[in-house]
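K.L.:
The lines below spell out each chain.
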Amino acid sequence: MSRRSLCGSLRFGLLATLLRGFFVMQFSDKRNRLKFWLVLAALLLLPFITDALLGRSWVRIVDFAMLYIMLALGLNIVVGYAGLLDLGYIAFFAVGAYCYALTGSPHLALAFPMMFPAGVHLPFWIVLPMAALVAGGFGVLLGAPTLRLRGDYLAIVTLGFGEIIRIFLNNLDAPVNLTNGPQGISRIDPVSVAGVSLNSTQHIFGIVFPAVHLYFYLFLAFTALVVFVSRRLERSRIGRAWMAIREDEVAASAMGIDTRNLKLLAFAMGAMSGGASGALFAGFQGFVSPESFSLMESVMVLCMVVLGGMGNIAGVIFGAILLALLPEVLRHIVVPAQQALFGRTLVDPESLRMLLFGTALIVMMLYRPAGLLPSRVRRRELGADEPAAETSVYDATH
Amino acid sequence: MLRTSRIGKKFGGLSALSDVTLHIQRGEIYGLIGPNGAGKTTLFNVLTGLYQPSAGEFQFNGAHYRAGKPHVLARAGIARTFQNIRLFANLTALENVMIGRHVRTRAGVFGALLRNRATRDEERAITERSRELLSYVGVGKSGQTLAKHLSYGEQRRLEIARALATDPLLLALDEPAAGMNATETASLKTLLQTIRGSGITVLLIEHDVKLIMGLCDRVAVLDYGRKIAEGVPEQVRKDPAVIAAYLGGGDE
Amino acid sequence: MEILLQQIINGLVQGSIYALVALGYTMVYGILGLINFAHGEVVMVGAMLVLSSLTAMLGWGVPPVLALPISVMLAITGCMALGYGIERIAYRPLRHAPRLAPLITAIGVSIVLQNLAMMIWGRDYHSFPQLFANTTHSFGGAVINDIQIIIFVMAVAIMAGLMVVVHHTRLGRAMRAIAENQHAAQLMGVDVNRVISITFMLGSAMAAVAGLMVSANYGLAHYYMGFLLGLKAFTAAVLGGIGNLRGAMLGGLLLGLIESLGAGYIGDLSGGFFGSNYQDVFAFLVLIAVLVFRPSGLLGERLAERA
Chain C
1 MSRRSLCGSL RFGLLATLLR GFFVMQFSDK RNRLKFWLVL AALLLLPFIT DALLGRSWVR
61 IVDFAMLYIM LALGLNIVVG YAGLLDLGYI AFFAVGAYCY ALTGSPHLAL AFPMMFPAGV
121 HLPFWIVLPM AALVAGGFGV LLGAPTLRLR GDYLAIVTLG FGEIIRIFLN NLDAPVNLTN
181 GPQGISRIDP VSVAGVSLNS TQHIFGIVFP AVHLYFYLFL AFTALVVFVS RRLERSRIGR
241 AWMAIREDEV AASAMGIDTR NLKLLAFAMG AMSGGASGAL FAGFQGFVSP ESFSLMESVM
301 VLCMVVLGGM GNIAGVIFGA ILLALLPEVL RHIVVPAQQA LFGRTLVDPE SLRMLLFGTA
361 LIVMMLYRPA GLLPSRVRRR ELGADEPAAE TSVYDATH
Chain D
1001 MLRTSRIGKK FGGLSALSDV TLHIQRGEIY GLIGPNGAGK TTLFNVLTGL YQPSAGEFQF
1061 NGAHYRAGKP HVLARAGIAR TFQNIRLFAN LTALENVMIG RHVRTRAGVF GALLRNRATR
1121 DEERAITERS RELLSYVGVG KSGQTLAKHL SYGEQRRLEI ARALATDPLL LALDEPAAGM
1181 NATETASLKT LLQTIRGSGI TVLLIEHDVK LIMGLCDRVA VLDYGRKIAE GVPEQVRKDP
1241 AVIAAYLGGG DE
Chain H
2001 MEILLQQIIN GLVQGSIYAL VALGYTMVYG ILGLINFAHG EVVMVGAMLV LSSLTAMLGW
2061 GVPPVLALPI SVMLAITGCM ALGYGIERIA YRPLRHAPRL APLITAIGVS IVLQNLAMMI
2121 WGRDYHSFPQ LFANTTHSFG GAVINDIQII IFVMAVAIMA GLMVVVHHTR LGRAMRAIAE
2181 NQHAAQLMGV DVNRVISITF MLGSAMAAVA GLMVSANYGL AHYYMGFLLG LKAFTAAVLG
2241 GIGNLRGAML GGLLLGLIES LGAGYIGDLS GGFFGSNYQD VFAFLVLIAV LVFRPSGLLG
2301 ERLAERA
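These protein sequence lines map, in sequence, to chains C, D and H. Following our numbering, the numbering of the first sequence begins with 1 at its first residue and continues without gaps. Following our numbering, the numbering of the second sequence begins with 1001 at its first residue and continues without gaps. Following our numbering, the numbering of the third sequence begins with 2001 at its first residue and continues without gaps.
Calculated directly from the structure, the hints in this document are not laboratory data. Keep in mind that the hints are not guaranteed to be accurate.
[Claimed, not checked] Lysine to aspartate or glutamate pairs mimicking EDC-like chemistry, simulated, CA-CA at most 20 angstroms apart:
1) D:LYS1148 to C:GLU249
2) D:LYS1069 to C:GLU328
3) D:LYS1238 to D:ASP1217
4) D:LYS1210 to D:GLU1175
5) D:LYS1210 to D:GLU1230
6) D:LYS1189 to D:ASP1217
7) D:LYS1010 to H:GLU2180
8) D:LYS1069 to D:GLU1028
9) D:LYS1210 to D:GLU1057
[What the hints assert, rightly or not] Where chain D lies over chain C, by a calculated footprint (3+ residues, C-beta under 8 angstroms):
10) 54 to 61
11) 237 to 247
12) 292 to 303
[Claimed, not checked] So these bits of chain H aren't anywhere near chain C, every CB distance computed over 10 angstroms:
13) LEU2100
14) GLN2114
15) ASP2124
16) ARG2176
17) HIS2222
C-beta: ideal position from N, C-alpha, C; glycine also.
Could you build all of it, start to finish, from the sequences and the hints given here?
P.N.:
Listed below in structure tokens is the structure:
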């Protein structure tokens, strides 16, 4: 038992260091440092508090919310920084998820019994970068032909790509059973950290950490990493170039920015982040099927970015939490309310949720294009008050 | 420095430029004038890579270009401003200028993520140089203001600072005095003379004939996409073809 | 050989429907430079309106000869109102906003329409009622039925009508003027907002007819049918050269052919690895190929042709 707890404390020590490294930048002076420790403590206690107040199933919901935060932050690089509309973002998540599902489960034994009698069981930490790279590769493949054209083409092509990936996942069970079709792939290996599977309850210093709690800390670490990467990029030469492209592509290229390559970079980085989140998702769920990667999921992630505030990290996180929790709230409030009022469920929470998303997209763009939580310094790209930026798009061509 | 040879540009069947041959010398302020629709901005767009010429080519700083890309020409040393100001409206004035430094700096994704010494030094240099340039053009106090909240004259100056940030050999200005009052125009004139004094060649499109005549070393006149005159201002002013073009042109 | 002929017939019929929908995309793009993402959902609403009014009227004992035209008129009116509303609410206020904004509202509109449709008409497939004996004619070993013939003839007639409107009426001239230069058209006294509204309504009317055709051809309608159809019709518009009316028609027919021939032969070509369930992939491959090799489409963007 003692070895285990040592491992555990090492693990969390590492995690804390990572978190600290990142937060120190944000909260550099003394008063802020206190704030940082308070935030960190609250975050570390979050699964326990949730568990105590709402029950174990809500910890799982919180875990999913963390995954959505990672996804939304990844999409934010593409949409928020570079101003490229990616409508099939979930496809990259799917690519990452299936990467791990195939290389970390008994499934391939079905397709290639001679080669892999027990399936393939690569360690998660090898698959993770691989999944990111594969997803990034798809991103480049898709972006290269479209990114030299107008932005709308990218939107449509990504939309189509999202659908195509789903068609392939659904149909590649024959003649060689690669994806197991609509049934999906199950019995995926859990993620393990330093040889300890996260899918089991751990006892550390006498405290019980159920699996959902352990995954929470894993996701927290990765979210911190994505936030760190986003922040560093935002305040760099590359980030400025992306924002220049978002603001005015013609002017950006006249200032010497190679717009096509930089757009491709943004697109690929977003895809990589999506792929990595996908691998985490597969390990956490232990099961993947095409159903999880519908267009509606792409729309949901986009909604998180738009609702929270494009290009603003805090806003995007806020949007992601809001929308990830919304369906649960709807399920717990709308259904009983309808039962009480009409004696039956007239509108199922799923379609009500989508209806709300659609309406939110429209209303936000019309009345609050900078999002619910716009960044303090500026109201970015979609700043409502000034049409001037757009009217000038045409004059260089006159 | 810049030599164009027989540049032509057609839109559909319409010929916007034909056979334009110019020669701009290092260190001079070269004016390009002509009635509305004479093809001045079209020529600008060809020289800065926004348009591909239908005919001809140009030579800049020893290299030949037929169909350049904007970012390649910016790297080669041509920087421009736009007739209808095209700043990065939702970024601060300082950020606008910092973006101009992009083409002369190197940090990539890894630099951004690791923020190693080289990257930090480069960032510091970018910021410093950008601040300098803001003061140089006279908007040093507005660094943290969003570009769209600057006054019209300040926006014009900021655009010049952004262009200067690319360390250009040739600064191409498309009607920099448009919409300015007399005081602003006068200080713009001083600024342009200072810029030329620092060794940068200036190419200027302008409607304000007084500004052109008082500032330019040499002037070319375009009419209907053709060069009808070229020379020192005094000489061009007396050219009968130029007088005819302007009298016929109407609204100048 | 019979298979080839059969696939060509099926492709042309399907393609004429794509062409009708593609015209809606291309007209709006030509005028506003905007991709009306929600257009596919208008087709779906059209199909649903025809179906439910038709089913209701047949249930009341109205003879099919009367019920069909009435329900088609109803659907056309409904879709025109919808198209008008979409433009007013989701696009017009954003006409001068950055490009990302109307794209996002368009997505929002599609989702709202899809989910409203699901609430109203449910998740089930609705079958198209049998109105008349759908006789099958065979020639050269291939077969074509009455419905297919009607679809094709109607589509061609509507497209011819549209060309007349665009090229030989005052309205058409106004549309072309706006496509050329919105500001100048306004100065010349063209009521830009009105013409844009009419363009959306025209496109939506054609979408309603296309909705009827799709559901009659397959005998089915579903709340989700608009999404893929819209995507394919957009591909057709890009294939022909977006903004170009003739291009949309050509692109639609070609895409129909490519799909039907592709689906017919993919099994043989891939040695049985891929089946016809990959049919939907073709449109996408065509889209990518066009964007890579000829982004201006087959007929380019001849300015005079834009509407």
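K.L.:
Hint by hint, note whether the structure agrees.
P.N.:
Comparing the hints with the structure gives:
For the suggested pair LYS1148 (chain D) and GLU249 (chain C), the alpha carbons sit about 17 angstroms apart, so the restraint of at most 20 angstroms is met. Proposed proximity of LYS1069 (chain D) and GLU328 (chain C) is contradicted: the alpha carbons are some 51 angstroms apart, above 20 angstroms. Taken as a hint, the LYS1238 (chain D) and ASP1217 (chain D) pair is honoured in the structure, with Cα atoms around 16 angstroms apart against an allowance of 20 angstroms. About 13 angstroms separates the Cα atoms of LYS1210 (chain D) and GLU1175 (chain D), which keeps this hinted pair within 20 angstroms; it holds.
A C-alpha spacing of about 17 angstroms is found between LYS1210 (chain D) and GLU1230 (chain D), which places the hinted pair at or below 20 angstroms, so the restraint holds. A C-alpha spacing of about 13 angstroms is found between LYS1189 (chain D) and ASP1217 (chain D), which places the hinted pair at or below 20 angstroms, so the restraint holds. A distance of roughly 17 angstroms separates the Cα atoms of LYS1010 (chain D) and GLU2180 (chain H); the hinted pair therefore holds under the 20 angstroms criterion. Between the alpha carbons of LYS1069 (chain D) and GLU1028 (chain D) the distance comes to roughly 25 angstroms, so the proposed pair goes past 20 angstroms and is violated.
Of the pairs offered as hints, the one joining LYS1210 (chain D) and GLU1057 (chain D) is violated, with about 31 angstroms between alpha carbons and a cut-off of 20 angstroms exceeded. Residue count for the segment 54 to 61 of chain C with a Cβ under 8 angstroms from a Cβ of chain D: 0. That is fewer than the three needed, and the coverage hint is violated. For a cut-off of 8 angstroms, the count of residues in the segment 237 to 247 of chain C with a CB near a CB of chain D stands at 8, and the three-residue condition holds. Judged by the Cβ-Cβ criterion of 8 angstroms, the segment 292 to 303 of chain C is not covered by chain D as claimed, because only 0 of its residues qualify and three are needed.
At the 10 angstroms boundary, the C-beta of LEU2100 (chain H) falls inside the reach of chain C, the nearest C-beta of that chain being 6 angstroms off. Here GLN2114 (chain H) does not stay apart from chain C, with its beta-carbon only about 7 angstroms from theirs, under the 10 angstroms limit. Consistency note on ASP2124 (chain H): stated as away from chain C, and its beta-carbon is indeed over 10 angstroms from all of that chain's, at 14 angstroms minimum. Here ARG2176 (chain H) stays apart from chain C, with its beta-carbon at least about 18 angstroms from theirs, past the 10 angstroms limit.
At roughly 14 angstroms, the least C-beta separation between HIS2222 (chain H) and chain C is larger than 10 angstroms, which holds for a residue marked as non-interface.
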